[in-house]
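Residue numbers (our numbering), protein chains in the order written: chain L, 397 to 741; chain C, 2 to 285.
It should be emphasised that the hints constitute simulated quantities derived from the structure, not laboratory data. Values in this document were obtained by computation on a predicted structure and should not be read as measured data. Even for Gly, the Cβ is constructed at its ideal location relative to N, Cα and C. Take the hints with a grain of salt, since some may be wrong.
[Said to hold, decoys possible] Cross-link-like lysine to aspartate or glutamate pairs, in silico, EDC-like; alpha carbons within 20 Å at most: (1) C:LYS63 to C:GLU14; (2) C:LYS63 to C:ASP45; (3) C:LYS76 to C:GLU127; (4) C:LYS76 to L:ASP623; (5) C:LYS76 to L:ASP595; (6) C:LYS63 to C:GLU127.
[What the hints assert, rightly or not] Under 7 Å between C-beta atoms, here's a sample of chain L residues computed to sit facing chain C: (7) TYR453; (8) GLY454; (9) ALA476; (10) THR484; (11) ALA488.
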Amino acid sequence: MTASQPIAEPIGAVPGGEVDLGGVNLSVDLAPARPGALSLRNPVLVASGTFGYGLEYGEVIDVQRLGAICCKGTTLKARAGNPPPRVTETPAGMLNSIGLQNPGVEAVLERYAELWAGWNVPVIVNVAGESIEDYVGVVRRLDGVPGISGVELNISCPNVGAGGLQFAVDPEAAAAVTAAVRRATELPLMVKLSPNVADVRGIAVAIADAGADCLSAVNTLSGMAIDQRRRRAFLGATYGGLSGPALKPVALRVVYEVAQAVKIPIVAVGGVGSLSDVLDFLMAGAVAVQVGTAIFADPGLPLRLVDELRAYCVEHDLTSHRELVGSALPQRRERPSVKGVEYRP
Amino acid sequence: MRLLEGELLESREILPRQWLQRYRAPWLAGGVRAGQFVHVRTPDYSGLVLRRPFSVNTVDRKQGEISIHFRIEGKGTEWMARLRPADRLEMMGPLGRPFEVDPRSRHLLLIAGGLGMAGVRALADEALASGRQVAILFGARSAAEVYPSSLLPDEVEYVVATDDGSLGHVGRVTDLLPAFEAWADQAFACGPEPMLAALATLAGGRDARLGVARLGRKGRSRPAGLGTPQARRRSWLQVSMEQNMGCAVGACLGCVVIGVKGPQRVCREGPVFAADEIDWEASA
Ligand SMILES: Cc1cc2nc3c(=O)[nH]c(=O)nc-3n(C[C@H](O)[C@H](O)[C@H](O)COP(=O)(O)O)c2cc1C
Ligand code: FES
Numbered sequence: 397m398t399a400s401q402p403i404a405e406p407i408g409a410v411p412g413g414e415v416d417l418g419g420v421n422l423s424v425d426l427a428p429a430r431p432g433a434l435s436l437r438n439p440v441l442v443a444s445g446t447f448g449y450g451l452e453y454g455e456v457i458d459v460q461r462l463g464a465i466c467c468k469g470t471t472l473k474a475r476a477g478n479p480p481p482r483v484t485e486t487p488a489g490m491l492n493s494i495g496l497q498n499p500g501v502e503a504v505l506e507r508y509a510e511l512w513a514g515w516n517v518p519v520i521v522n523v524a525g526e527s528i529e530d531y532v533g534v535v536r537r538l539d540g541v542p543g544i545s546g547v548e549l550n551i552s553c554p555n556v557g558a559g560g561l562q563f564a565v566d567p568e569a570a571a572a573v574t575a576a577v578r579r580a581t582e583l584p585l586m587v588k589l590s591p592n593v594a595d596v597r598g599i600a601v602a603i604a605d606a607g608a609d610c611l612s613a614v615n616t617l618s619g620m621a622i623d624q625r626r627r628r629a630f631l632g633a634t635y636g637g638l639s640g641p642a643l644k645p646v647a648l649r650v651v652y653e654v655a656q657a658v659k660i661p662i663v664a665v666g667g668v669g670s671l672s673d674v675l676d677f678l679m680a681g682a683v684a685v686q687v688g689t690a691i692f693a694d695p696g697l698p699l700r701l702v703d704e705l706r707a708y709c710v711e712h713d714l715t716s717h718r719e720l721v722g723s724a725l726p727q728r729r730e731r732p733s734v735k736g737v738e739y740r741p
Numbered sequence: 002m003r004l005l006e007g008e009l010l011e012s013r014e015i016l017p018r019q020w021l022q023r024y025r026a027p028w029l030a031g032g033v034r035a036g037q038f039v040h041v042r043t044p045d046y047s048g049l050v051l052r053r054p055f056s057v058n059t060v061d062r063k064q065g066e067i068s069i070h071f072r073i074e075g076k077g078t079e080w081m082a083r084l085r086p087a088d089r090l091e092m093m094g095p096l097g098r099p100f101e102v103d104p105r106s107r108h109l110l111l112i113a114g115g116l117g118m119a120g121v122r123a124l125a126d127e128a129l130a131s132g133r134q135v136a137i138l139f140g141a142r143s144a145a146e147v148y149p150s151s152l153l154p155d156e157v158e159y160v161v162a163t164d165d166g167s168l169g170h171v172g173r174v175t176d177l178l179p180a181f182e183a184w185a186d187q188a189f190a191c192g193p194e195p196m197l198a199a200l201a202t203l204a205g206g207r208d209a210r211l212g213v214a215r216l217g218r219k220g221r222s223r224p225a226g227l228g229t230p231q232a233r234r235r236s237w238l239q240v241s242m243e244q245n246m247g248c249a250v251g252a253c254l255g256c257v258v259i260g261v262k263g264p265q266r267v268c269r270e271g272p273v274f275a276a277d278e279i280d281w282e283a284s285a
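Construct all of the structure, not just a fragment, from the sequences and the given hints.
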């Protein structure tokens, strides 16, 4: 490691990970506590909900070369999702309110597990629920199924038992669902943070302490749009989640804060659209990124980012992108502010 | 489906703020069928994050050309209207499922509301090329917005309705349907959803009005295989639906309309549906 690595030991290094011809090792281990269980060949994943089940884009890109695929949010029972319209473009972004439409875990496994088992690329199943039992139920079903390489918990869902308050906004609920899922499976466990909170660090720490292997940050930011002609909310479900470039500074801030609060690997999500975005997130403390909305405009982007990142490492004499991880974080670890988010003057 | 580039050959404003653009795109022209669409990339991802879907308006297989017809609705289409010949446009396609014409159908009725002409236009050429007869019913607010007959093949019977009566029939395009429903073996429509819903209702009553016997079929049960090409071919009315899109390949579930069997992706199961696949009440 070089001097640019500020904090403690490197996170996300794969012991004996593959080194490609350029002499650059882009591999990353997202579950260091269970070595090799979720080691990716490269740090560019595709984000849940933007890449279906991995086949939809198969005609236009080689999905096998991706770092990993996070599939559409999966629930215990089938869900029909929200009424249309479900998406709309906004300045430098988009809103979506899909409402977790999916056929339920049983149908997902029946349709895709065998196919996934034959793939080189790890598939991480994104899991959603309305109660801890829901999450545990889905994860139990996934446990031990060939073709499933890991679980990503989408905790930005209303917790019906807690009056609809999202798991993601409450450290105790977030820790409880993480711990319950941790007990239910040996699968590598990634938990996805929501940006819709006042201070994300306490929540991140609670999730890490409850046994998550890594974190992904962030899910969409809550927003809405108006249909002026009809004088009502544009989206069928009124509210939607903001994604795309407009979300990136928020995601970057969350990664930067969380990287100083936890030791487990962080996968950055939110507005990744270029190599520059990838570098920003690495320097802010992420070991890998997920690409979401940008795929809609440019399906070839995730694989191009892998190539561009490798070229960048060659050009800057880096043996791995991991040398960049956290290099923009404060050199001395300061005691966390008690005043809340750190960007406030 | 492929990611490809089209080279702009010709661009003109055929109606106020409505543009017709012809592109050289041989691979696309070789495989696309009427009713399918392309997903077009706009520049500068940092500002406009989504592609825009456009029906393939006409196809010239021999020349390897396609055309699209659009209205300027925002920044993306404004940018497209400023493109000049030799400029390149990134497209993905062909996408979605095409209109399904029954081999026995001789008389095809095309019904378009406003920009909906772009959705059915290609079918007129396909049908004429296969020796069928085509009538197009077209509705617009006023004469100023009526699709120019000079852009249609001579063999087409073209009937126009305008809301203000400034050209053709006074009223809705749906008013014209009864005069053609006996003649038409199949009908294909594209336009605003209320228009499609009204047509679906009219189509539902057609058998009764014409006294068509439903031999061997009891009650009003739907034919098996709803949504299959075979079932669509047997249905008298097919509609091309519109919805905002994200991916256009079936991955994001952003483009659904509500069908009688639950949400249907316009980009994948559609954009063409048999009218009886759609839950018109839920969609309204
Ligand atoms: C259409 C759409 C559907 C999504 N569905 C899910 C989902 O099912 N589960 C989830 O955890 N995140 C979902 N997301 C959030 C993305 O995974 C990602 O966190 C977010 O879009 C920010 O990344 P981006 O700016 O690169 O798109 C969805 C996003 C979009 C745009
Ligand atoms: S636009 Fe993504 S599923 Fe249709």
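Hint numbers the structure violates, sorted upward? 1, 2, 3, 5 and 8
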